[in-house]
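Order-wise, the sequence lines are chains A and B.
Each residue of the first sequence is one higher than the one before, starting from 5 at the first, in the numbering used here.
Each residue of the second sequence is one higher than the one before, starting from 3 at the first, in the numbering used here.
One thing to keep in mind: the hints can contain errors.
Stated by the list, open to error - Quick list of the computed label-pair ranges, beta carbon to beta carbon:
{"#": "1", "chain 1": "B", "residue 1": "70", "chain 2": "A", "residue 2": "85", "range": "54 to 62 Å"}
{"#": "2", "chain 1": "A", "residue 1": "369", "chain 2": "B", "residue 2": "276", "range": "27 to 35 Å"}
{"#": "3", "chain 1": "A", "residue 1": "368", "chain 2": "B", "residue 2": "231", "range": "32 to 40 Å"}
Unchecked claim - List time: in silico BS3-like cross-link candidates among lysine-lysine, alpha-carbon distance up to 25 Å:
{"#": "4", "chain 1": "B", "residue 1": "209", "chain 2": "A", "residue 2": "291"}
{"#": "5", "chain 1": "A", "residue 1": "334", "chain 2": "A", "residue 2": "391"}
{"#": "6", "chain 1": "B", "residue 1": "219", "chain 2": "B", "residue 2": "138"}
{"#": "7", "chain 1": "A", "residue 1": "334", "chain 2": "B", "residue 2": "219"}
{"#": "8", "chain 1": "A", "residue 1": "176", "chain 2": "B", "residue 2": "375"}
{"#": "9", "chain 1": "A", "residue 1": "371", "chain 2": "A", "residue 2": "319"}
{"#": "10", "chain 1": "B", "residue 1": "219", "chain 2": "B", "residue 2": "169"}
{"#": "11", "chain 1": "A", "residue 1": "143", "chain 2": "B", "residue 2": "206"}
Since the hints were derived computationally from the structure, they do not count as laboratory data.
Glycine included, each C-beta is placed from N, C-alpha and C at the ideal position.
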Amino acid sequence: MDTITRRQFLKATGAGAIGAAATSLTFEDIANAAITRPLPLGTPILVVVTLYGGNDGLNTVVPVTDSIYQSMRPGIAYNQSEVLPLGEELYLNGSMTGMHELWGKKQVAIVRGVGYPNSDRSHFSSMAIWQSAILGAAKTGWLGRWVETQPEDPMLAIGLGSVLPPLLAGEKRSGSVLPLGGLKVPIGSLASDCMKLSIASRSDNLLQSMAARSMRNLFTVSSDITPVLKAPAPAAPDLPTAVGGNAGGDNNLTQQLDIVAKLVAAGAPTRVWSVSLGGFDTHADEKGAQSILLGVVSQSISKFMSQMRATNRAKDVVVLVYSEFGRRVKGNASEGTDHGTSGPVFVIGEKVKGGFYGEQPSLRQLKNDDLAVTSDFRDIYATLLEKILGTQADRVLGNWQGRLPLFN
Amino acid sequence: MADVAERRAIARLTHRFGFGPRPGEFSNLLNLGFTKAAENLLTSPLTDSFADKQQPPAVSDQGPRPRANSAQIVPYATEKRAQLTELLFWWLDRMVLSEHPLRERMTWFWHGHWATSYQKVDDALPMFRQNQTLRKHALGNFGEMSKAMVNDGALIYWLDGQSNTVKAPNENLSRELMELFVLGVNRYTESDVRETAKALTGYKVNKTSGDVTFNPKQHYTMPVSFLGTTGVYDGNSLSDFLVARPDCALFITERLWYRFISSSEPLADRSLTNAFATRDIAKLIKAVGTSAAMQDEKYAMVKSPVDWFVSVCKALQITPSQFPNTALIRNNLNLLGQVPFFPPNVGGWPADQAWLSTSSAQYRIDFAERLVKVGNLSPIADVRATARMDALANWLGVVEWSDRTKMALRGAQKDPARMTLLAICSPEYIVSA
Numbered sequence: 005m006d007t008i009t010r011r012q013f014l015k016a017t018g019a020g021a022i023g024a025a026a027t028s029l030t031f032e033d034i035a036n037a038a039i040t041r042p043l044p045l046g047t048p049i050l051v052v053v054t055l056y057g058g059n060d061g062l063n064t065v066v067p068v069t070d071s072i073y074q075s076m077r078p079g080i081a082y083n084q085s086e087v088l089p090l091g092e093e094l095y096l097n098g099s100m101t102g103m104h105e106l107w108g109k110k111q112v113a114i115v116r117g118v119g120y121p122n123s124d125r126s127h128f129s130s131m132a133i134w135q136s137a138i139l140g141a142a143k144t145g146w147l148g149r150w151v152e153t154q155p156e157d158p159m160l161a162i163g164l165g166s167v168l169p170p171l172l173a174g175e176k177r178s179g180s181v182l183p184l185g186g187l188k189v190p191i192g193s194l195a196s197d198c199m200k201l202s203i204a205s206r207s208d209n210l211l212q213s214m215a216a217r218s219m220r221n222l223f224t225v226s227s228d229i230t231p232v233l234k235a236p237a238p239a240a241p242d243l244p245t246a247v248g249g250n251a252g253g254d255n256n257l258t259q260q261l262d263i264v265a266k267l268v269a270a271g272a273p274t275r276v277w278s279v280s281l282g283g284f285d286t287h288a289d290e291k292g293a294q295s296i297l298l299g300v301v302s303q304s305i306s307k308f309m310s311q312m313r314a315t316n317r318a319k320d321v322v323v324l325v326y327s328e329f330g331r332r333v334k335g336n337a338s339e340g341t342d343h344g345t346s347g348p349v350f351v352i353g354e355k356v357k358g359g360f361y362g363e364q365p366s367l368r369q370l371k372n373d374d375l376a377v378t379s380d381f382r383d384i385y386a387t388l389l390e391k392i393l394g395t396q397a398d399r400v401l402g403n404w405q406g407r408l409p410l411f412n
Numbered sequence: 003m004a005d006v007a008e009r010r011a012i013a014r015l016t017h018r019f020g021f022g023p024r025p026g027e028f029s030n031l032l033n034l035g036f037t038k039a040a041e042n043l044l045t046s047p048l049t050d051s052f053a054d055k056q057q058p059p060a061v062s063d064q065g066p067r068p069r070a071n072s073a074q075i076v077p078y079a080t081e082k083r084a085q086l087t088e089l090l091f092w093w094l095d096r097m098v099l100s101e102h103p104l105r106e107r108m109t110w111f112w113h114g115h116w117a118t119s120y121q122k123v124d125d126a127l128p129m130f131r132q133n134q135t136l137r138k139h140a141l142g143n144f145g146e147m148s149k150a151m152v153n154d155g156a157l158i159y160w161l162d163g164q165s166n167t168v169k170a171p172n173e174n175l176s177r178e179l180m181e182l183f184v185l186g187v188n189r190y191t192e193s194d195v196r197e198t199a200k201a202l203t204g205y206k207v208n209k210t211s212g213d214v215t216f217n218p219k220q221h222y223t224m225p226v227s228f229l230g231t232t233g234v235y236d237g238n239s240l241s242d243f244l245v246a247r248p249d250c251a252l253f254i255t256e257r258l259w260y261r262f263i264s265s266s267e268p269l270a271d272r273s274l275t276n277a278f279a280t281r282d283i284a285k286l287i288k289a290v291g292t293s294a295a296m297q298d299e300k301y302a303m304v305k306s307p308v309d310w311f312v313s314v315c316k317a318l319q320i321t322p323s324q325f326p327n328t329a330l331i332r333n334n335l336n337l338l339g340q341v342p343f344f345p346p347n348v349g350g351w352p353a354d355q356a357w358l359s360t361s362s363a364q365y366r367i368d369f370a371e372r373l374v375k376v377g378n379l380s381p382i383a384d385v386r387a388t389a390r391m392d393a394l395a396n397w398l399g400v401v402e403w404s405d406r407t408k409m410a411l412r413g414a415q416k417d418p419a420r421m422t423l424l425a426i427c428s429p430e431y432i433v434s435a
């Protein structure tokens, strides 16, 4: 799946306009921008980064020194000179230098062996489980359900792209979607005519009422956001040049996070952001491709955290990085790996108590050639809901007991 | 005159199974009544006054990509873009202009089912050949279709089948064959995925032509065990085995239900699978289109961007390839998140709520403005202003306007272009009620 990557898919849906529109406003303009309800400093913000396709966890957090790792992955295994030490005989993929630096500052939690019981190896089923936090058929996403616990506000949770990510889908109310090119609202009489169309009607069925609402939100969200999008992205002054975040090679995740950075900096009343990168379904020729993608993830997040430091929000922002499953331990003939089970999840931020959580699945105790699941992803979600979003987890996840001490 | 319930059922027929009505067609269908309208829209005659005469798209085998910076690269890349555009507009034209819409509608359904993207295939000819295969079998026997598809160059290439060898099988194709194409998720075990991958070894694809060859030396010739059977299998016999399973009838019925009846409510009538006993697709689609669910108010669906675009073109008599700026069409479909030949992944496109974001609301209005400018608006322009609201509903095949939309339309009734724009962006048109 996903060989037209999520990234390319998003790229095709309106990227590019950002750079072109970048310089027309001053800082004063942003200060005067139509953010009428700025988020108070100190309010926690969650940024969810979804890696589509099934990221190979074993080549992300790598047990380089394990002889079984080496013997099971000819052509795909890394050697020790290519990776970055984390401790406990684990190493970070060599392309993730920015992430490694944050790890050194104890701002990265790596939860190991994350999954759920009876791993589903279908991209779609497994991603649906991760995005809904329900094992079984689900119509809503975990953060969409969270949106429904909050007072109605179209700015509350925003996904970047053109299509609503399932994690933001609620039953009656969902998060908003912001295209990378920003929203261009109708003006003049067309605007007033369209506003008439966006009024709820008693005769609407559920989908029709959602259609009307999406048009209504177009007007609300865009009047808040559009001036901010025209502003330049916050600078990342303390970004080490070695990370190369400013050295071109722009990519879509960087663009998405740039927009998030702008809006967070401007005080958008948004508590949840959803961004994504695709292309992780590396059945063939994995090593180079995955390393480029992980480099993008690391570089764009490290740039984003630097931007946050420049805007007094670094203490507020927490970034979650996950994928729908890890991959098989043994490589296949095409120098790739097939669908597997558990993988590492990253939680990043100044609030975070850096270090490892959960057991590293043992290569000596594989189940049907696959890694064991040693941590449940709902422990992470429950913790984020309570510590970052300030909402009792049972309102979103039902009766789920597990928590992790991820935060200071 | 049809009551609201019959009007709804007939609107569903034309929008869901036929890309919406041409000018005047909806009124004719109402006069026929549901039963005859269904007979009319759910069968596909052998001849078609447009499709039979349409010239095939100018796509050809371009051979391997020339080296970067070589003299040949620019003409190669230019030609490549032209072929893709040609193919895309060939199909959009066919969707809009075919005299009988069902075959193209089903080809479009199957494209989302066996979802293969140009993004990786990267050559127009294999994509066109796959499209022709889907069209040929669109209303035929599913077993024949499935066999043709396991031998389809674009599909095999898309799912790494060409690098699936006897020494280390690659499971991508075998998994999706069972999960997404024939049986449905979890109707097999992980061991079945691994075993059937072996049966699919030995296929080689010529990437630029889509030609597939079978290399017996790279094929696993020992018996494989899956789903309670043990034997030596290849792609064809594997396909036959899977298609014969009862789960295949259930799964394909579920998929038709999902795309034609409801993407949010599960299959409510398992007896529909009986119509698929012989794997006859035409019979099953007819059963779905005439089922009791067609009358049930709760089964609303959102039109996907392509469904919306094609239905607007049909009503406004716009020929996509003749549009003043074809790049604008492709760009707008892209912004709305759905371009034929570019499904986002092998699971095909999303449904319902995914198309109802703030972002789609904006792009839909923008796109509608462009389409209305070139469309033929005579079905309402030619009637007096006060009669336009009803004429509009009949022209576009809308069940009934809400008070909200009536108010918006009334304000614009002196301006046919504005009125049309509002109508095609209204919740009543975006959603097939």
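Discussion item. For a quick check of understanding: which of the numbered hints are violated here, in increasing order?
Written reply: 1, 2, 5, 6, 8, 9, 11
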